[in-house]
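Visitor: Listed below, chain by chain, are the residues.
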Amino acid sequence: MIFGRFKIEPRLEPKLSWQIVSILLAVMMSAIVCAIMLNSAGVDVGKAFYLIFEGAFGTWKAVIKTLVKATPLILTGLAVTVAFRAKIWNIGAEGQLFAGAITSYWAYTMFQGAPSFILIVMVILSASIGGALYGGLAGYLKAKFSVNEVLSTVMLNYIIRYVLSFLLISGPWRDPSSFYQQSSRIIQAAKYPMLFGISRLHMGFAIALVLALVVYLFLTRTSLGYEIRSIGFNPKASRFKGINVDRTIIIVMMISGGIAGLAGAGELFGVHYRLKPDISHGFGFLGIIIAMLAALHPFGVILAATLFGGLVNGGIRLQVFTGIPTAMISSIQAIILLFFLTAAVLTRFEIRRVKANE
Amino acid sequence: MEASIRTVNLTKKFHQVVANDAVSFDVLPGEIHCLLGENGAGKSTLAECLYGFYKPDKGQIFIDGKEVDISSPAEAIGYGIGMVHQHFVLVSSLSVLENIVVGTKSQGLLLDLRAAEKKIKSLCDYYNVELDLHAKVWQLPVGQQQWVEILKTLYVGAQILILDEPTAVLTPEESKMLFKILQLMTDDNMSVILISHKLNEVLQSDRVTILRKGKKVATVTTAESSKEELTSKMVGREINATLEKKPMKAGKHFLAIKNLKAKNDRGQEALKGFDLTVRTGEIVGIAGVAGNGQKELFETLIGVRKATEGEIYLNGVDIVNRDPKYIQKLGVAFIPEDRFAEGLVSDFTVEENLILGNHCDKKFKKNGFLNFKEILVFAKECINKFDIQTPSEKTLTRTLSGGNAQKVIVAREFAQNAQLTLANQPSRGLDVGVIEYMHQMLLKKRDEKGGILMASEDLEELFNIADTIVVMHDGQIMGSFPVAEADINTIGLLMAGHADQPGPSQQVDT
Chain E
1 MIFGRFKIEP RLEPKLSWQI VSILLAVMMS AIVCAIMLNS AGVDVGKAFY LIFEGAFGTW
61 KAVIKTLVKA TPLILTGLAV TVAFRAKIWN IGAEGQLFAG AITSYWAYTM FQGAPSFILI
121 VMVILSASIG GALYGGLAGY LKAKFSVNEV LSTVMLNYII RYVLSFLLIS GPWRDPSSFY
181 QQSSRIIQAA KYPMLFGISR LHMGFAIALV LALVVYLFLT RTSLGYEIRS IGFNPKASRF
241 KGINVDRTII IVMMISGGIA GLAGAGELFG VHYRLKPDIS HGFGFLGIII AMLAALHPFG
301 VILAATLFGG LVNGGIRLQV FTGIPTAMIS SIQAIILLFF LTAAVLTRFE IRRVKANE
Chain Y
359 MEASIRTVNL TKKFHQVVAN DAVSFDVLPG EIHCLLGENG AGKSTLAECL YGFYKPDKGQ
419 IFIDGKEVDI SSPAEAIGYG IGMVHQHFVL VSSLSVLENI VVGTKSQGLL LDLRAAEKKI
479 KSLCDYYNVE LDLHAKVWQL PVGQQQWVEI LKTLYVGAQI LILDEPTAVL TPEESKMLFK
539 ILQLMTDDNM SVILISHKLN EVLQSDRVTI LRKGKKVATV TTAESSKEEL TSKMVGREIN
599 ATLEKKPMKA GKHFLAIKNL KAKNDRGQEA LKGFDLTVRT GEIVGIAGVA GNGQKELFET
659 LIGVRKATEG EIYLNGVDIV NRDPKYIQKL GVAFIPEDRF AEGLVSDFTV EENLILGNHC
719 DKKFKKNGFL NFKEILVFAK ECINKFDIQT PSEKTLTRTL SGGNAQKVIV AREFAQNAQL
779 TLANQPSRGL DVGVIEYMHQ MLLKKRDEKG GILMASEDLE ELFNIADTIV VMHDGQIMGS
839 FPVAEADINT IGLLMAGHAD QPGPSQQVDT
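Top to bottom, those sequences are chains E and Y. Be aware that the first sequence starts at 1, since it is given in the numbering used here, and climbs by one per residue. Be aware that the second sequence starts at 359, since it is given in the numbering used here, and climbs by one per residue.
I should point out that these hints are in silico values taken from the structure, not numbers from a laboratory. You can take every hint at face value.
Across the chosen pairs, the derived CB separations fall in these ranges:
1) E/A334 - Y/F698: 35 to 43 Å
2) Y/N673 - E/F299: 48 to 56 Å
3) E/S146 - Y/F727: 28 to 36 Å
Covered by chain E, according to a simulated footprint, are these stretches of chain Y (three or more residues, beta-carbon under 8 Å):
4) 693-704
5) 721-727
Beta carbons are placed, not taken as given, at the ideal position from N, Cα and C, and that holds for glycine.
Given only the sequences and the hints, what does the whole structure look like? Please build it.
Guide: Dropping the structure here:
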């Protein structure tokens, strides 16, 4: 592409220094645009940025809240990362999250009488199995019938939400003592223990960190991880060399769905203590953004999810103290995300000055 | 005589790569001038500069003695330069007439093709070519499609015609026809620039300019030169033209294909009852223009494509429609036609590509995880043994040259110690040095009692290394000949589909 005296060409190999520069540029540009927007709304820009930072990482309590907010995002980010590495576009992490929440709640009802340890283990297991089956369904449809996974996972998202509504409104899990669409509160024994006794920092966070390490080792050091990357890069050559692409697609979707299912259990048993639609505010979709910001790297997912969790908390504090409308808070988050995503893409191109006789 | 087109110190760079380095050459009216060179020598880049597709960084271009600045193909066409690329740019669903006329200034608001039709018909008559102008392009054989490409240039008055590897897709018969037409053109004082690496054709030109690594090595008068001289100038060293080939010591038939039928990606029959056998210690070469079912044949043999009918016996075991992993384990190696799309995962490192297909083997595993140490040892061995030019085993394979990428595939496949080695167009696009090396390796395998089945468009290659040549056309075997009894004219005719040629045919035993 040529613009006047400049030309945009794909870069041969993205340089690390450029990537860092582009991230800093993204920070700067988003700060400028947000400042302009806040200023035009009559908000003191400096105070606004300070409040965001305070809400995100300002106090010890804020940091804990940020980590708790980041937990489901790490998990859905990992879920999407595994699938996207195979170039399987799993847009259904949200639905798989709920599938996991539903099956884990079911396990809760089955094992309520058991000792806390057993109960929680069963909860975690069934969350991953539920999510895995739900993700695996989309994988099977893709492998066997070439159903486009974008379409199937999005539709499955809706289906599971309606299943959830049924279970909580006219179905067996309705909380008899309230009008809201929710289950009754879970018993104490089922609640995720708090890490190091720190209030709010539930076990889900540790699970998320451990899982990030597991996914990293899995993708880079196992032969199945090798196959996943192989079919993501070149399914044809993979098939030519004996890799069973169809089987791998199903396995990938099961792993992806299983991890997303754990996110559902975490929010249920670690934060809300009830099964309800609110346990996720689009975490499955945010997972996609986080996975892409992290360039599909498990450790990058931890970083991106934490930063985003901080952004959410910062936004809350900003709203509480300045009263600016929620839409503006969402806009700030969106602007920051857009600039970061743009930076991620731009590092793959370069601008060259076109010489006079070229 | 003033040159019809001349370059002086033409230089073109891409990032840090100097594709053309101060190249000065000229083409006279009425001559066929060849640009000869290996891959990466700069022939296509030079041609694209003349055609206005690239703008040179330095240097000048003169047309009929006047300096010109060609900044687009449209301008090149205005100067009378026409180009036929290796990959045609025709619209298959439109007719010949429409393809030639599209984009030209001869049409006003309303489409009036009658005048155009007359003009084109007279061109066809002049060059003695029969062509139905209303046929849709997809219905035409490749040779005629190429003629349509040439007509496109003649229609807008080209006086200088550039052809990029024109005979790569033609049968020997079609190539002969093409050269007849080129001769008629030069008799009319047109200039023809022919980009080629096929020495047989280059020898039919008037002059040859040899390029190597971006620089011009020399311009020679063809009549005063020789194949050996041209090759050594092209490569930069003496090439041992004759390959050492020991007499064949063939054993039993261990691969037998019977009445194999399969469909192509469009659902049409590509293999229409294919029969063939290979013996241990034998190289069977399949001659034929690509697109006659070779791709489908190999894909069916390795298990990636479904056979609709027929049998494939490997050492008595029926492997038809088994999965690729099973067939690979039985001892079949495969070098596919498209290096980067089918043979390698370009975004993997050289190391990772070398274990592709064997990544689950016990020797590459330790405690359930990949054993990186063993993999590294194996990779270094392969790189050494096959002289793969790469900065490191951790380099991304897509940065490798075509020749080195092919070496990675060959290294990987040969490491299988497979009994049967399949190869589809293994030398396509490779430099003379790499081809020489690969032929040596194939012959070695054959001397070690392996069986090799390879398809190639390059008849010379097959005559050099194959023991048996079979001709494939339209999904079937047209004939089979021990190489000593094979006659290039007969084979050429069979390649074009003319059956009933004299010659022995093959018995199929299991």
